[in-house]
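A.B. asks: We have chain A already, so just place chain B on it with the hints.
Protein chains in written order, with the working numbering: chain A, 1 to 445; chain B, 1 to 544.
Any given hint could turn out to be false.
[To be verified] Restraint ranges, calculated between C-beta atoms of paired labels, are given here: (1) A/R434 <-> B/N539: 18 to 24 Å; (2) A/G386 <-> B/T332: 36 to 42 Å; (3) A/K352 <-> B/L268: 53 to 59 Å; (4) B/S251 <-> A/D306: 56 to 62 Å; (5) A/K138 <-> B/T332: 21 to 27 Å; (6) A/K161 <-> B/L268: 37 to 43 Å; (7) A/E286 <-> B/G513: 26 to 32 Å; (8) A/S422 <-> B/T332: 27 to 33 Å.
Read the hints as simulated data drawn from the structure, not as lab findings. We put the beta carbon where it would ideally sit given N, CA and C, even for glycine.
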Amino acid sequence: MPILNQQEAQALLKKVLAYSKADECEVIIFASNSGNLRYARNAVSTSGANNTGSLIVSAAFGKRLGTATINEYDDASLEKVVRRAEELARLAPENPEYVPFLGPQQYEKPSASFNDKTAAVDPKFRADIVEKSLSITKKNNLVAAGYLENNQGFASMMNSKGLFAYNSSTGISFSITLRTEDGLGSGYASKAYNDVTRLDVDKLTSSAARKAAGSKNAKAIEPGKYTVILEPAAAIVLIENLVNNLDARSAEEGRSFLSKGGGKTKLGEKLMDEAVTIYSDPWHPEMPTSFYNQDGRPQEKITWVDKGAIKNMYYSRYWAQKNKVKAIPGPDAFIMTGGTATLDELIKSTEKGILVTRLWYIRSVDPQTLLYTGLTRDGTFYIENGEIKYPVKNLRFNESPVIMLNNVEALGIPERTVSGESNGNAMIPPMKLRDFTFTSLSDAI
Amino acid sequence: MKRRDFLHYAGMGLGAGLLAQLPLIGKAIPVDTPWYTIDTAKKKELADVALNAARSKGATYTDVRIGRYLNQFIITREEKVENVINTESYGIGIRVLANGCWGFASTDQMDKDSIARTAALAVSIAKENSRLITTPVELAPQKGYGEVSWKAPIEKNAFDVPLKEKADLLLSVSDAALKGGANYVGSFLFLVNEQKYFASSDGSYIDQDVHRIWPTFTVTKIDAATGKFVTRDALSAPRGMGYEYLMPRESDKIRGVTTLYRDRYDMLEDARQAATQATEKLKAKSVEPGKYDLILDPSHLWLTIHESVGHPTELDRVLGYEANFAGTSFLTLDKWESKKFQFGSPLVNIVADKTQPGSLGAVGYDDEGVATQKWDLIKDGVLVNYQAIRDQAHIIGLKQSQGCCYSQSWSDVQFQRMPNVSLQPGTAKLTPAEMIKNVEKGIFIVGNGSFSIDQQRYNFQFGGQLYYEIKNGEIVGMLNDVAYQSNTQEFWNSCKAIADQRDYRLGGSYFDGKGQPEQVSAVSHGSATARFNGVNVINTARKI
Numbered sequence: 001m002p003i004l005n006q007q008e009a010q011a012l013l014k015k016v017l018a019y020s021k022a023d024e025c026e027v028i029i030f031a032s033n034s035g036n037l038r039y040a041r042n043a044v045s046t047s048g049a050n051n052t053g054s055l056i057v058s059a060a061f062g063k064r065l066g067t068a069t070i071n072e073y074d075d076a077s078l079e080k081v082v083r084r085a086e087e088l089a090r091l092a093p094e095n096p097e098y099v100p101f102l103g104p105q106q107y108e109k110p111s112a113s114f115n116d117k118t119a120a121v122d123p124k125f126r127a128d129i130v131e132k133s134l135s136i137t138k139k140n141n142l143v144a145a146g147y148l149e150n151n152q153g154f155a156s157m158m159n160s161k162g163l164f165a166y167n168s169s170t171g172i173s174f175s176i177t178l179r180t181e182d183g184l185g186s187g188y189a190s191k192a193y194n195d196v197t198r199l200d201v202d203k204l205t206s207s208a209a210r211k212a213a214g215s216k217n218a219k220a221i222e223p224g225k226y227t228v229i230l231e232p233a234a235a236i237v238l239i240e241n242l243v244n245n246l247d248a249r250s251a252e253e254g255r256s257f258l259s260k261g262g263g264k265t266k267l268g269e270k271l272m273d274e275a276v277t278i279y280s281d282p283w284h285p286e287m288p289t290s291f292y293n294q295d296g297r298p299q300e301k302i303t304w305v306d307k308g309a310i311k312n313m314y315y316s317r318y319w320a321q322k323n324k325v326k327a328i329p330g331p332d333a334f335i336m337t338g339g340t341a342t343l344d345e346l347i348k349s350t351e352k353g354i355l356v357t358r359l360w361y362i363r364s365v366d367p368q369t370l371l372y373t374g375l376t377r378d379g380t381f382y383i384e385n386g387e388i389k390y391p392v393k394n395l396r397f398n399e400s401p402v403i404m405l406n407n408v409e410a411l412g413i414p415e416r417t418v419s420g421e422s423n424g425n426a427m428i429p430p431m432k433l434r435d436f437t438f439t440s441l442s443d444a445i
Numbered sequence: 001m002k003r004r005d006f007l008h009y010a011g012m013g014l015g016a017g018l019l020a021q022l023p024l025i026g027k028a029i030p031v032d033t034p035w036y037t038i039d040t041a042k043k044k045e046l047a048d049v050a051l052n053a054a055r056s057k058g059a060t061y062t063d064v065r066i067g068r069y070l071n072q073f074i075i076t077r078e079e080k081v082e083n084v085i086n087t088e089s090y091g092i093g094i095r096v097l098a099n100g101c102w103g104f105a106s107t108d109q110m111d112k113d114s115i116a117r118t119a120a121l122a123v124s125i126a127k128e129n130s131r132l133i134t135t136p137v138e139l140a141p142q143k144g145y146g147e148v149s150w151k152a153p154i155e156k157n158a159f160d161v162p163l164k165e166k167a168d169l170l171l172s173v174s175d176a177a178l179k180g181g182a183n184y185v186g187s188f189l190f191l192v193n194e195q196k197y198f199a200s201s202d203g204s205y206i207d208q209d210v211h212r213i214w215p216t217f218t219v220t221k222i223d224a225a226t227g228k229f230v231t232r233d234a235l236s237a238p239r240g241m242g243y244e245y246l247m248p249r250e251s252d253k254i255r256g257v258t259t260l261y262r263d264r265y266d267m268l269e270d271a272r273q274a275a276t277q278a279t280e281k282l283k284a285k286s287v288e289p290g291k292y293d294l295i296l297d298p299s300h301l302w303l304t305i306h307e308s309v310g311h312p313t314e315l316d317r318v319l320g321y322e323a324n325f326a327g328t329s330f331l332t333l334d335k336w337e338s339k340k341f342q343f344g345s346p347l348v349n350i351v352a353d354k355t356q357p358g359s360l361g362a363v364g365y366d367d368e369g370v371a372t373q374k375w376d377l378i379k380d381g382v383l384v385n386y387q388a389i390r391d392q393a394h395i396i397g398l399k400q401s402q403g404c405c406y407s408q409s410w411s412d413v414q415f416q417r418m419p420n421v422s423l424q425p426g427t428a429k430l431t432p433a434e435m436i437k438n439v440e441k442g443i444f445i446v447g448n449g450s451f452s453i454d455q456q457r458y459n460f461q462f463g464g465q466l467y468y469e470i471k472n473g474e475i476v477g478m479l480n481d482v483a484y485q486s487n488t489q490e491f492w493n494s495c496k497a498i499a500d501q502r503d504y505r506l507g508g509s510y511f512d513g514k515g516q517p518e519q520v521s522a523v524s525h526g527s528a529t530a531r532f533n534g535v536n537v538i539n540t541a542r543k544i
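Chain A with its partners taken away, still in its complex shape (with noise of 0.2 Å):
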């Protein structure tokens, strides 16, 4: 599929509309071209280029509803996909809860997310790119592995009651881990944006290899709690797990950490420090991401959780009209706060504690708790009187970012990171928690 522009979706969205005999027809349509560079043991492995794009038809007869998804664009194949959405719906048994599309709607205006740079890069910009990074593993005597990827992409919805919504965006992203010869040192960097001028692989690629060079030879640490600072890259894939877990018909049916007993959740309860506060901002300048969620709602500048109350919780449009209250979709992307201090002042400011710069393999263990297990790595490092001594074996913790966050020392200079679990952006600061629980040690380098 072409990246379309704004009136080439609408045309093409009108003409599938056209063949729509239900009640109600909602049409999205998504497409994006995207190349990536993909190495390891130094040299190019698994590479290529995909144009992959999909037109998903939803068609509603009273409260039925059917789904339909082709990637053929043919006039017959677009009357065949909105034919099958109806089929479907007419077999669908009648769901209560469904709620009628969603009319037109005022929309703020669209955010940065489109980059012409980013939309520009090729295969040989990507291979330079990734031979400037391995000049410098080279140069230290490192191993590489590393991804480059590269997207444009649009998306476009339009529905029989009159909505119309188009987005376009762009993006890079890149992450490296470099090991020592010998495999006993690892250290990972990576970062993502719309725009291509902000990638500094130079400096990723150093970072990294100062990382991989200072974590070989490892101590054994007993595990326990401990004080910990944790770089952005580590502290994000624990903080989205909160911001996932903020819906609110979970919260009220009983079923999340947000719930109490008899029906109650603690909707503007304070559970963490007061230094905690999570926003999200579609037009974030360091991180703009669509005006428009999925079903068509405006996309606004929300604050979920306020001087660590939660402040708000996201809901279907079926969960917020049964409750008579404004249906807020759950974010794109999120904000947390933070402070001045840099990481090396954070480090400077520690007694005794272990600084992590990755934490990986992150599942749920109790949801009633919001309890993850995890483990370090790719550098671990012991701090003592303000300085890094040593560097320590990976350990496996048990933590709930609930708990965590009411255990803030000082909060570092938020920065845009990358999810290494789930691809999610975010901005995080640097953050110094005492009591973190390590509850094993891992032979993992």
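C.D. replies: Frame of chain A; chain B shown alone:
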């Protein structure tokens, strides 16, 4: 599946309890035309366009995959059908070797000009990237098979079963769970049909028809007074089967403290027992941390096998190709070369198998045109082999690929993926009940739960669905807040008993993730119930 695609479907009404376990694959199929397939003569014609275009641009090897992928999801929540979704995706992926380097490009624009352009793009990427190789790609020889085909041996195509019948089954599941005392229940039926066509410059033209099915649910039970809640997930397995998997058969049931299922699943019965067990789980005592002998049911053990045996024996991880994402492996080449690395106790025999009927990994040929096979990974406890594809086979002295290359879609490049990896049943006659009789202090774990393992596959932590305390050879009641932590080699060496063939069952994952960009693959893991002595159990209860 791309994250954005997932969010679209997620927004279409997946039940809250199911969201966590469903990174969906593929794009979105037509209800009335599952039998509609693209004519193989047409696919051959398009494949030849790509093969010729790539050759003319300088490719020394080319393979072409034309895929049509159909999915159907049916999603219910309590007494409601939230949505029924059919998805269809059609396109071509072209992989080439030029200047000794791989290149790949894919498109959904299926006219001959677009296909030729995409082939040229793949060659240009290979040539551009060839300045970044250290040694040229070395492919294990592979003979062309000519025009061949393979079809999954299903008994009843699930796409042919009327939608109403499938939706009614899920609604009956909800009804059974709610009548049984559950507060909430979300159910899900996910059907996959991969119509795959492979052609290569070696002279193969391979047409395959692959089917998978996964019925599952999550039951939630809440104590209104305390606000405490627990869930119990279905004890089904995703399978490489048709709708026959959902047609219960008494001979496929294993009766015990809970009923378990072999090759036929009784979803309704399981929903009833899930509701009862969730109520019991809510009142179960919190585990005392310490060392326990674990009796692990195949509905649980499959995931431990997957993470601690399947992944570390992937040769690409061993060599460092996954170092930046999934990680490397503690099973380094020197351990294999020594021929005496004691991975597990002598009881432990683990095989890789891409041919096992009814499994998720079964196909006739892999995604680089190699006929599938079965081989030993761990023999009498010793590491004896890895999982290798064509460009890796020479590294471990193989003369041909082991046939475990896979791509999730026509749009993504194929790479080494895990075949079915299964623990072989014990040779001495032994039932799980007889095994439990000999345990003084232990826990019987059923169903897969929380799971996490480090990037070299040493340290892991697993939870389950149901935990039964064993005291002096008897099951005395249910436990809660259980997770076990161990080291892979220690754990497999603590394996002291494996039940016999009668207890052998398949579990598996629809969504095993690996690679960058991340791709999912479906893989089964078989085992019989097994005993592991002296494993460290932690208590996971917290207060917030």
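A.B. asks: With respect to the beta-carbon atoms only, verify the hint that A/S422 and B/T332 lie 27 to 33 Å apart.
C.D. replies: holds, 30 Å
A.B. asks: Against the range 53 to 59 Å, how does the distance between the Cβ atoms of A/K352 and B/L268 compare: consistent or not?
C.D. replies: holds, 57 Å
A.B. asks: Should the hint that A/K138 and B/T332 are 21 to 27 Å apart at their CB atoms be regarded as holding?
C.D. replies: holds, 23 Å
A.B. asks: Please check whether A/G386 and B/T332 have a Cβ separation lying inside 36 to 42 Å.
C.D. replies: holds, 38 Å
A.B. asks: Lying within 26 to 32 Å: is that true of the beta-carbon distance A/E286 to B/G513?
C.D. replies: At roughly 28 Å between Cβ atoms, B/G513 and A/E286 fall inside 26 to 32 Å, so the hint holds.
A.B. asks: Does 56 to 62 Å hold as the CB distance between B/S251 and A/D306, or does it fail?
C.D. replies: With a Cβ separation near 60 Å, B/S251 and A/D306 satisfy 56 to 62 Å, so the hint holds.
A.B. asks: Does the Cβ distance between A/K161 and B/L268 fall inside 37 to 43 Å?
C.D. replies: With Cβ atoms ~39 Å apart, the hint holds.
A.B. asks: Is the gap between the beta carbons of A/R434 and B/N539 within 18 to 24 Å?
C.D. replies: holds, 22 Å
Checked against the numbered hints above, the structure breaks none of them.
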